[in-house]
Amino acid sequence: MKILVCIKQVPDMESKFKIDSAGTWYDHADLAWRMNEYDEYGVEQAVQVKEQVADADLTVLCIGSEKVKETMKKALAMGCDRGVHVAEDNLSSREPYEIAAIIAEFASDKGFDLIFTGMQSQDRGSAQVGVLVAEILSIPSVTTIVDFDYADGAVNAKRELEGGIRSLVSVKTPALFTCQLGLNTPRYPTLPNIMKAKRKELISIPSEDLLKIEPRQQTEKIYFPEKKGGGLVLEGDASDLADKVIQILKEKTGVLA
Amino acid sequence: MNFELNEEQSLIREMVRNFAETEIAPSARERDEEERFDRTLMFDKLGELGLTGIVFPEKYGGAEADYISYAIAVEELSRVCASTGVTLSAHLSLCANPIYLFGTEDQRQQFLTPLAQGKKLGAFGLTEPSAGSDAGGTKTTAVKDGDAWVLNGTKIFITNAGDAETYVILARTDKEAQKHHGISAFIVEKGTPGFSFGKKEQKLGIRSSPTVELVFENCRIPTTNMLGEEGSGFKVAMKTLDGGRIGIASQALGIAQGALDEAVAYAKERKQFNTPIANFQGVQFQLADMATQVEASRLMVYLAAYKASAGLSYSQSSAMAKLMASETAMKVTTQAVQILGGYGYTRDFPVERMMRDAKITEIYEGTSEIQRLVIGSALTR
Numbered sequence: 001m002k003i004l005v006c007i008k009q010v011p012d013m014e015s016k017f018k019i020d021s022a023g024t025w026y027d028h029a030d031l032a033w034r035m036n037e038y039d040e041y042g043v044e045q046a047v048q049v050k051e052q053v054a055d056a057d058l059t060v061l062c063i064g065s066e067k068v069k070e071t072m073k074k075a076l077a078m079g080c081d082r083g084v085h086v087a088e089d090n091l092s093s094r095e096p097y098e099i100a101a102i103i104a105e106f107a108s109d110k111g112f113d114l115i116f117t118g119m120q121s122q123d124r125g126s127a128q129v130g131v132l133v134a135e136i137l138s139i140p141s142v143t144t145i146v147d148f149d150y151a152d153g154a155v156n157a158k159r160e161l162e163g164g165i166r167s168l169v170s171v172k173t174p175a176l177f178t179c180q181l182g183l184n185t186p187r188y189p190t191l192p193n194i195m196k197a198k199r200k201e202l203i204s205i206p207s208e209d210l211l212k213i214e215p216r217q218q219t220e221k222i223y224f225p226e227k228k229g230g231g232l233v234l235e236g237d238a239s240d241l242a243d244k245v246i247q248i249l250k251e252k253t254g255v256l257a
Numbered sequence: 001m002n003f004e005l006n007e008e009q010s011l012i013r014e015m016v017r018n019f020a021e022t023e024i025a026p027s028a029r030e031r032d033e034e035e036r037f038d039r040t041l042m043f044d045k046l047g048e049l050g051l052t053g054i055v056f057p058e059k060y061g062g063a064e065a066d067y068i069s070y071a072i073a074v075e076e077l078s079r080v081c082a083s084t085g086v087t088l089s090a091h092l093s094l095c096a097n098p099i100y101l102f103g104t105e106d107q108r109q110q111f112l113t114p115l116a117q118g119k120k121l122g123a124f125g126l127t128e129p130s131a132g133s134d135a136g137g138t139k140t141t142a143v144k145d146g147d148a149w150v151l152n153g154t155k156i157f158i159t160n161a162g163d164a165e166t167y168v169i170l171a172r173t174d175k176e177a178q179k180h181h182g183i184s185a186f187i188v189e190k191g192t193p194g195f196s197f198g199k200k201e202q203k204l205g206i207r208s209s210p211t212v213e214l215v216f217e218n219c220r221i222p223t224t225n226m227l228g229e230e231g232s233g234f235k236v237a238m239k240t241l242d243g244g245r246i247g248i249a250s251q252a253l254g255i256a257q258g259a260l261d262e263a264v265a266y267a268k269e270r271k272q273f274n275t276p277i278a279n280f281q282g283v284q285f286q287l288a289d290m291a292t293q294v295e296a297s298r299l300m301v302y303l304a305a306y307k308a309s310a311g312l313s314y315s316q317s318s319a320m321a322k323l324m325a326s327e328t329a330m331k332v333t334t335q336a337v338q339i340l341g342g343y344g345y346t347r348d349f350p351v352e353r354m355m356r357d358a359k360i361t362e363i364y365e366g367t368s369e370i371q372r373l374v375i376g377s378a379l380t381r
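If you read the sequences in order, they're chains A and B.
Numbering of the first sequence is given in my numbering, commencing with residue 1 and proceeding in unit increments.
Numbering of the second sequence is given in my numbering, commencing with residue 1 and proceeding in unit increments.
Pulled out of the complex, with its shape left as it was, chain B reads as follows (with noise of 0.2 Å):
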């Protein structure tokens, strides 16, 4: 077994962090302030770089490269802006990836190219206002009308909605069915009659990622934007979360390592009674414990990344890895914001957006609740 990053990955590691700390971490702190998302920073430059199709085929503009590289790139840009993270990682595994695994070849080419190339931004819809954890409770739905599908229903919560150009939205079509059978996955694009956005959400935490409702009223998509066959949208829904998994865990992962790295930086600095707080064993102890679980969640991370990659069966790696990294970035910036104490509180530092960012990868995503489910049911079958 070999631990080692590989020269490509360590280079990826490099040119990821060098930009996030150049570019991408000055405006963080306004840009959140502001529940600012700035597009050209934000995703354009990602594209350039050619990170907005990290896994995919040349042939599609990707470049190729595997999931544990991805899970770099998504892990340095939260570093110092959580919200970068998941503008890329909602991108790339909600929307490009579900389009690269059940898209024809006529679908790939003319929807996964600009995503991968970084010229369209993706977003994904399947959450309602009474279908969360309980994705199968879809109201959404598609008739057929000649060579058309006709969609009514709203989405909400969706990342990078208002912004993006492509979507991959799940609806019912076919009202008979029960639950978590007759769903289908289907590619709408912004600007298709019928398709608007609502609400914009006001948040604790990724204020500089948006989060939109999405609003379809008699919207028409051709019969050729169904992705995948009729009837198999939780299939799609579903293998498309377990890869958006790693993208999340990758983004708490590297929120925890933002936040592990204030806090030692600061420990070694602040003085109290004649010292720094760095050689105060309790304080010690509190860092040995956060620089633990981050390290067991990277590598619990890499686990999930490498099965992706290798085309091993990863969900319940990706549902750890998903529980763990979330978790421990919870943890970890909370007890950041009280090593960093008094100024830690306050907004001049990063901990206290990095704890408020840290949250939500507890809940999207698939809850913490829905991860262990998914093991559970997994070992107990």
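Chain A on its own, in the form it takes in the complex (with noise of 0.2 Å):
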């Protein structure tokens, strides 16, 4: 069986953003990297699917600069067995199709039965790359995952959706899967994990070599919100409270007559 879990080198959320000097992405400079948090789940998911069938080979797969690479080591001590490095330097610059097509070329001939990604990343948030990935492939995508089990060439995967319900789809392989955080508990890399993790293969490969599309939609412009006016804190009991907010949506809103 082959797997293939894709992943992404995102900042901590925790950092202090700037905007970057084309105004079109945040600055890259004095940040902490991290993988993706959504792909976590996805490398445990793959990890425990290749530990569950005897014979299964799994690969992670990352975009980006040479940096990303210390977080493909994370998935490697986590069980991945190889990784594929797909060096871009300017990944910022690069839309959805374009992420998912190279992947999609990378995927075309290796025959994976399962393929794991993020529901989104953490930083551009589109949540397209997984479900143009299987478009491209023609196989089928299950997204936003929060249960999945595999049998026979078949899964079983609960979706996540509005309202805390859930919704059970069931397709055979060769399928995809995009990751809600919750899906599973990712494991602490062991330390005997994380000193094998250098001796397993990493190749890279351009992103020229697998990129065969144009780009159809690129990013105009990043900002910060603009700060508005404070809101108004309403004290009292519900009865009066609601009085008076009916009267503020009638004078200061155009909401009610």
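Careful: at least some of the hints might be erroneous.
As the list claims (entries may be wrong) - If you only want the chain A side, here are some residues facing chain B, beta carbon under 10 Å, derived:
hint, residue
1, Glu-70
2, Lys-73
3, Ala-77
4, Thr-190
5, Leu-191
6, Pro-192
7, Ile-194
8, Met-195
9, Ala-197
10, Lys-198
These aren't lab readings, by the way, just hints derived from the structure by calculation.
Glycine included, each C-beta is placed from N, C-alpha and C at the ideal position.
Combine the two chains into a complex, taking the hints into account.
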């Protein structure tokens, strides 16, 4: 069985972000980097399937500069067998369709039975890449999964919907899954596995070798939301508050006649 | 000179930090208040992560990582719980390491492997009521009787004792020899008849780490349990403590870093006179001094660790690192309590525990006075 898990290196969300000089992305300087949190669940799920199916090979793929290899090592230390680094120094200038095309081009002749991605990245958050990859490869995709069960070439996965509802989806492999937070409990890479990770194969492919399409969208501008005026805090008992709110909605906004 | 952590060291830091913050930190206060050692959390789980044999070869169940990785692991654990940091440090440096350095192949297979795998917890018994800094004043005796050594005496202030299965013990094998001559090292296992535990100390700090008395009353151990050559015990102890100093220096560093992080976070939130106190130069100067001392201590620890892994002589470096890091920990934690003010004095905030924990780092595994002796006598030889 062959499994692929796609990960992205993103900044720690606690970082202080600044807009870059072009005004189209955040400045990369002085940030702490980590694996996209959604992808951690993907790696953990992929490793669990590998442990379940005796003869499975698990590849981790990541697009970005040399720096992302550090994050790939974590995936290798969690249990991936080999890594594919797609070298791209200007990752933030690539739009989701280009990212998906690169991954799909790599995967097209490999015969992966299962492909895992995160539901979205914590920085761009387009939530498109996983689905686009599946579409290009003409395989089914199941998004926002919070439960995953593989047996004999088929998967029963649960998707998280609005209001806490879950839907059960059954699909035959090959298939792609985008992972939601809480799908599983990502393991700590043990020290012996961290040491072994450096001996695992990690190849680099230039992104130009895999990118065969033109971009279809570009980021025009990125900016912080404008600071609005202060809010109003009302105190009192419920029925009085209701009257006050209705008054304010009538007088200050156009939502009530 | 490369001052950057390599990829493995960075991953180790990330892993241990995540584990420490998620699993160890939540119970740190409670375990300190209850003086409770939680073996599953503070040792068995470290074994599952492969931390209990960090520096030893794979053939003995170790991870074959370097001493900087060891320093990082102890620092990150100590940052949230100094008791957990010393549990690992004493186990690795004071028990597993001497068996690795001085043990026969059989002893390594029999005793080192379960320690490295985290199946057994280790401890080290050198200190006695009348032999602390004066380790040559050891009164515990070991007398040969047929195919056994018979141990009599007591050891006090022993970390991990009671829970640990494996003990490296120093005892006098030659009564005629003076001072530090005539002492030998032995491996003694819990459950050996004649080996029991006495008083558990009630301490100022590291209260979640058990500190217990060992009692030997005609305790017979096989002659194959002697560690190293007869009479070489003092050398075994000193070499063991050199490595232990890196562990304690890392523990002190972790305590200091934890306190610094708390102080910075508090200063940014706490408002007085209409502004966060972090905006006052007085507070910024204090934090700057704390951060500078912590960073300097870190470099001292890494230098000693680097030398240990490179096979270079490192006694002086480890003494300097331990001296500096422990004094830094005491200063930084005390200053952190000051910055947190009245709140810092209460148990609702962790800095008072960190200050209580820091004190012991200036005392055990060689007091600051002994470290100064080691450094000074090396300089003036």
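Right, here's what the structure says about each hint:
| no. | hint | in the structure |
| --- | --- | --- |
| 1 | Glu-70 | 6 Å, holds |
| 2 | Lys-73 | 5 Å, holds |
| 3 | Ala-77 | 6 Å, holds |
| 4 | Thr-190 | 4 Å, holds |
| 5 | Leu-191 | 3 Å, holds |
| 6 | Pro-192 | 4 Å, holds |
| 7 | Ile-194 | 5 Å, holds |
| 8 | Met-195 | 5 Å, holds |
| 9 | Ala-197 | 8 Å, holds |
| 10 | Lys-198 | 6 Å, holds |
When held up to the earlier numbered hints, the structure conflicts with none and fits them all.
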